[in-house]
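There are 6 protein chains.
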Amino acid sequence: MLGNSVCKDPKLVEANDFLFSGLHIAGNTTNAVGSRVTPVFASQLRGLNTLGISMARVDIAPWGVNSPHSHPRATEICTVLEGTLEVGFITSNPENRHFCKVLHKGDVFVFLPIGLIHYQRNIGYNNVVAIAALTSKNPGAITIGNAVFGATPEIASEVLIKAFQLDKNAINYLQSKF
Amino acid sequence: MLGNSVCKDPKLVEANDFLFSGLHIAGNTTNAVGSRVTPVFASQLRGLNTLGISMARVDIAPWGVNSPHSHPRATEICTVLEGTLEVGFITSNPENRHFCKVLHKGDVFVFLPIGLIHYQRNIGYNNVVAIAALTSKNPGAITIGNAVFGATPEIASEVLIKAFQLDKNAINYLQSKF
Amino acid sequence: MLGNSVCKDPKLVEANDFLFSGLHIAGNTTNAVGSRVTPVFASQLRGLNTLGISMARVDIAPWGVNSPHSHPRATEICTVLEGTLEVGFITSNPENRHFCKVLHKGDVFVFLPIGLIHYQRNIGYNNVVAIAALTSKNPGAITIGNAVFGATPEIASEVLIKAFQLDKNAINYLQSKF
Amino acid sequence: MLGNSVCKDPKLVEANDFLFSGLHIAGNTTNAVGSRVTPVFASQLRGLNTLGISMARVDIAPWGVNSPHSHPRATEICTVLEGTLEVGFITSNPENRHFCKVLHKGDVFVFLPIGLIHYQRNIGYNNVVAIAALTSKNPGAITIGNAVFGATPEIASEVLIKAFQLDKNAINYLQSKF
Amino acid sequence: MLGNSVCKDPKLVEANDFLFSGLHIAGNTTNAVGSRVTPVFASQLRGLNTLGISMARVDIAPWGVNSPHSHPRATEICTVLEGTLEVGFITSNPENRHFCKVLHKGDVFVFLPIGLIHYQRNIGYNNVVAIAALTSKNPGAITIGNAVFGATPEIASEVLIKAFQLDKNAINYLQSKF
Amino acid sequence: MLGNSVCKDPKLVEANDFLFSGLHIAGNTTNAVGSRVTPVFASQLRGLNTLGISMARVDIAPWGVNSPHSHPRATEICTVLEGTLEVGFITSNPENRHFCKVLHKGDVFVFLPIGLIHYQRNIGYNNVVAIAALTSKNPGAITIGNAVFGATPEIASEVLIKAFQLDKNAINYLQSKF
Numbered sequence: 001m002l003g004n005s006v007c008k009d010p011k012l013v014e015a016n017d018f019l020f021s022g023l024h025i026a027g028n029t030t031n032a033v034g035s036r037v038t039p040v041f042a043s044q045l046r047g048l049n050t051l052g053i054s055m056a057r058v059d060i061a062p063w064g065v066n067s068p069h070s071h072p073r074a075t076e077i078c079t080v081l082e083g084t085l086e087v088g089f090i091t092s093n094p095e096n097r098h099f100c101k102v103l104h105k106g107d108v109f110v111f112l113p114i115g116l117i118h119y120q121r122n123i124g125y126n127n128v129v130a131i132a133a134l135t136s137k138n139p140g141a142i143t144i145g146n147a148v149f150g151a152t153p154e155i156a157s158e159v160l161i162k163a164f165q166l167d168k169n170a171i172n173y174l175q176s177k178f
Numbered sequence: 001m002l003g004n005s006v007c008k009d010p011k012l013v014e015a016n017d018f019l020f021s022g023l024h025i026a027g028n029t030t031n032a033v034g035s036r037v038t039p040v041f042a043s044q045l046r047g048l049n050t051l052g053i054s055m056a057r058v059d060i061a062p063w064g065v066n067s068p069h070s071h072p073r074a075t076e077i078c079t080v081l082e083g084t085l086e087v088g089f090i091t092s093n094p095e096n097r098h099f100c101k102v103l104h105k106g107d108v109f110v111f112l113p114i115g116l117i118h119y120q121r122n123i124g125y126n127n128v129v130a131i132a133a134l135t136s137k138n139p140g141a142i143t144i145g146n147a148v149f150g151a152t153p154e155i156a157s158e159v160l161i162k163a164f165q166l167d168k169n170a171i172n173y174l175q176s177k178f
Numbered sequence: 001m002l003g004n005s006v007c008k009d010p011k012l013v014e015a016n017d018f019l020f021s022g023l024h025i026a027g028n029t030t031n032a033v034g035s036r037v038t039p040v041f042a043s044q045l046r047g048l049n050t051l052g053i054s055m056a057r058v059d060i061a062p063w064g065v066n067s068p069h070s071h072p073r074a075t076e077i078c079t080v081l082e083g084t085l086e087v088g089f090i091t092s093n094p095e096n097r098h099f100c101k102v103l104h105k106g107d108v109f110v111f112l113p114i115g116l117i118h119y120q121r122n123i124g125y126n127n128v129v130a131i132a133a134l135t136s137k138n139p140g141a142i143t144i145g146n147a148v149f150g151a152t153p154e155i156a157s158e159v160l161i162k163a164f165q166l167d168k169n170a171i172n173y174l175q176s177k178f
Numbered sequence: 001m002l003g004n005s006v007c008k009d010p011k012l013v014e015a016n017d018f019l020f021s022g023l024h025i026a027g028n029t030t031n032a033v034g035s036r037v038t039p040v041f042a043s044q045l046r047g048l049n050t051l052g053i054s055m056a057r058v059d060i061a062p063w064g065v066n067s068p069h070s071h072p073r074a075t076e077i078c079t080v081l082e083g084t085l086e087v088g089f090i091t092s093n094p095e096n097r098h099f100c101k102v103l104h105k106g107d108v109f110v111f112l113p114i115g116l117i118h119y120q121r122n123i124g125y126n127n128v129v130a131i132a133a134l135t136s137k138n139p140g141a142i143t144i145g146n147a148v149f150g151a152t153p154e155i156a157s158e159v160l161i162k163a164f165q166l167d168k169n170a171i172n173y174l175q176s177k178f
Numbered sequence: 001m002l003g004n005s006v007c008k009d010p011k012l013v014e015a016n017d018f019l020f021s022g023l024h025i026a027g028n029t030t031n032a033v034g035s036r037v038t039p040v041f042a043s044q045l046r047g048l049n050t051l052g053i054s055m056a057r058v059d060i061a062p063w064g065v066n067s068p069h070s071h072p073r074a075t076e077i078c079t080v081l082e083g084t085l086e087v088g089f090i091t092s093n094p095e096n097r098h099f100c101k102v103l104h105k106g107d108v109f110v111f112l113p114i115g116l117i118h119y120q121r122n123i124g125y126n127n128v129v130a131i132a133a134l135t136s137k138n139p140g141a142i143t144i145g146n147a148v149f150g151a152t153p154e155i156a157s158e159v160l161i162k163a164f165q166l167d168k169n170a171i172n173y174l175q176s177k178f
Numbered sequence: 001m002l003g004n005s006v007c008k009d010p011k012l013v014e015a016n017d018f019l020f021s022g023l024h025i026a027g028n029t030t031n032a033v034g035s036r037v038t039p040v041f042a043s044q045l046r047g048l049n050t051l052g053i054s055m056a057r058v059d060i061a062p063w064g065v066n067s068p069h070s071h072p073r074a075t076e077i078c079t080v081l082e083g084t085l086e087v088g089f090i091t092s093n094p095e096n097r098h099f100c101k102v103l104h105k106g107d108v109f110v111f112l113p114i115g116l117i118h119y120q121r122n123i124g125y126n127n128v129v130a131i132a133a134l135t136s137k138n139p140g141a142i143t144i145g146n147a148v149f150g151a152t153p154e155i156a157s158e159v160l161i162k163a164f165q166l167d168k169n170a171i172n173y174l175q176s177k178f
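Residue numbers (the UniProt record's numbering), protein chains in the order written: chain P, 1 to 178; chain X, 1 to 178; chain D, 1 to 178; chain U, 1 to 178; chain H, 1 to 178; chain F, 1 to 178.
Extracted from the complex, chain P is given alone in its bound form (with noise of 0.2 Å):
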């Protein structure tokens, strides 16, 4: 159901259509997990569409985290230019085994396959800079707290009390922080 852009004529395309400016800036990391994700996806740079890949910039405060999500068109392959990055993803149904990772400058690191859940965290004490390709132009994210305890309307809680074996209470302040 969801349409591509309209296509540009080829005639009118230009260099700058391949082009997106501004990947160096850092992040603005000051929020409550410490994190900031620059995307450079075909809603970025229009020239990605119709192609299977994007890219985008990852900062992370000390200690900041950028929490457990899914991309659900795409995996994931990352290098760390700047600090020391611990990465996990866990597997699906039946064993959710934890693959998990301490990055340093230079390690490159593939979130395998499409579609699981992982994260990163900043385990130093300066920044955290990384940049990662994606195998869409439109790889999607899903954090999975926003997912589940944010989204618009409300997960009826009963869904949530049995799901997380939590009662209303807990259930009820986890919605109020999403």
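Keep in mind that a hint or two might mislead.
What the hints assert, rightly or not - Computed list of lysine-lysine pairs in PhoX-like fashion (alpha-carbon distance at most 25 Å, straight line):
| id | chain 1 | residue 1 | chain 2 | residue 2 |
| --- | --- | --- | --- | --- |
| 1 | P | K168 | X | K11 |
| 2 | D | K101 | X | K11 |
| 3 | F | K168 | H | K177 |
| 4 | U | K177 | D | K177 |
| 5 | H | K168 | F | K101 |
Everything labelled a hint here was simulated from the structure, so no lab data went into it.
Please build the complex by placing chains X, D, U, H and F on the supplied structure of chain P, with the hints as guidance.
Structure of chains X, D, U, H and F alone, referenced to chain P:
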């Protein structure tokens, strides 16, 4: 990194390779969430190898829940054979829009698109039986609670504290539940 | 040459776009072959657009037949809800091997692979009800008899005389039936 | 369930692996339908493995027929080198529309789209030679008559009686021919 | 960024939409390289839209050359109708291995795999005629000489001096030729 | 014909299989073209197997060149970490249009689409460092000069004389360089 099962010599294939029996048998729902999924994936039905489809039966006891989960490699369509079923899915960032619908016998619903978090809840006083089909021989299933709070080994509580804005006690409680 | 339907503006999408109702209603089988397929394809369920899946309900009266046919764009998996169903498919040249199986309630069968000719027959004294899923939003169906003997305009009888090794009267008779 | 041939070690590959010889040799058309297809599929040309293409030569004697058939895994394009060739294809249900065209030397025709039933007939007094290309290394071919009336083991005559609205004698006659 | 042609209303489609005429006419080879390709791509044959195939006729005068080129979106298979044809392709870095073969009438050769540089040369005293098929409706063709030395606007000579280890005069000479 | 590496047993997979180290180390650019590409493809990072993505670091000394090349199986996106980089790509026949752009730190550029010839040149007095991502685990790289003039065995000089409109001495000179 994950290879297919070794294929059977085509000359030895027989009609039974395309058959799975027992989908008329109700799944046991006497568990914490009151639901059970009976999969007919490539592991259960060898003939599905190389095909992009599979089936499942979903049983949900009155007021039970098929917890929020995603299928990293499939879209799902389902039809209700018995009972009254609330279904919902949540779109990705930044909207996290929650689409929700009550289904009755004979209703068909598609959980669109691939990789989104969705759930099902029996909102009636009788059992729900639904038949689902998925666009992969091996769709995978990530139950959010299990992956986030029940991973092995556990995700560091510091990650979850930041991500879910909970204190360490609440996170420890959640991890003990999964 | 065949375009998709124009897509709906994502902002205007609502949960009803993902819903089809009525698959619990038995199809009318009072026809020459004693069977009826109720499709839930993209034409019936708008939300299937861009997805690789669809569903159908198959009703077959006692001793009725779902005539030999193929789906040019899909593989099919089905499960029997009621009755006793003979299913079969035939592999391509040169073997033309016929795989055949009697299915009972709860059996799941996959018609492998894409594009093969297959059929279903009710071999019991009660109605058969089956739910099928197909690997395309728009799988298509080619009923062999209709395509070969009932095309509009007709295929030249000289082609069919050679192909089926029948005389002109027999071909004319067949063409009059479809 | 059907695996590829085991691949050759890339270091041992040589130019001959990409070569098939003999497509200039006319196929033997002294058979019931007066036609012969010479395939250059992956079985004949090892280098086609993993590629989505193949070729074939079609010879049809005067008034001969390449019987109605479908390719479950390919679309076909062909060009006429010699002779006058009627080609036709029939769309799927419910229209069963018959597209038909007389081709002359140098004409190129595409049998659109994948999986449809199509045929070719020599409508002249000289041999027809055509070169076809198909969108699969292993397109498969289902000759309708062979699959329906010549399957091994036979399809139950009751299925064919209903499907083709013929009596048992006519079906038995057809089954004896294939 | 490059959209398909707008599709024709399916109801208005006619058999002529699947037809191209004239592939029996020899291409004009009185040019600097002594060869001519006559494409039957989606631009020439509307019915190829959405399909993964196209055809071409290749004419090469005695000792003429179909210059080194690549097809960015297709693999090619070809068969020789007349003449003696040397064909070759070169694998990618670091081997740059050159596979080369002399083809005669009736030989079929596959230029494997997608995107490699390949060429054809008539090494006989008669015209070569070949029919090629390609795995895209719109395979594209990059003639290396034209792209490198004949681009508009020109590639800076400093790039080419370094890349081809030639002096400025030689580069300017090459650029003047294309 | 080219198989994947044999896959690792999923149960033996560990986080190190998803890790490559050392991308922060500058490549050695003391060579004829003044540039070096450090690939992180499936050969370097086993975890990329079955995924459609890879990474590379590009180092270019002042005034050095990453020679015109193509990736037969990938589109490329890159971002500049340091320096001033001219990038260009050339479209296919018949336009051979040259898109060219000067990139600065933080710029992201996509070389669109798959298989086109492109190049990079350092046009500043400092080193260029760029991170590229490609839409294949094994994108391949065809350096035009190497493939055309440095193939093993050599392409017949008669082919290159015609194709590049050079005399035999010039071609021999070029072949001696690669």
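Comparing the hints with the structure gives:
At most 25 Å may separate the alpha-carbon atoms for a hinted pair to count; K168/P and K11/X exceed this at roughly 59 Å. With a CA separation close to 18 Å, the supplied pair K101/D and K11/X stays within the 25 Å bound. Distance check on the hinted pair: K168/F and K177/H sit about 16 Å apart at the alpha-carbon level, within 25 Å; holds. Of the supplied pair hints, the one linking K177/U and K177/D holds, its CA atoms being roughly 21 Å apart against a limit of 25 Å.
Under the criterion of a C-alpha separation no larger than 25 Å, the hint pairing K168/H with K101/F is consistent with the structure, at around 22 Å.
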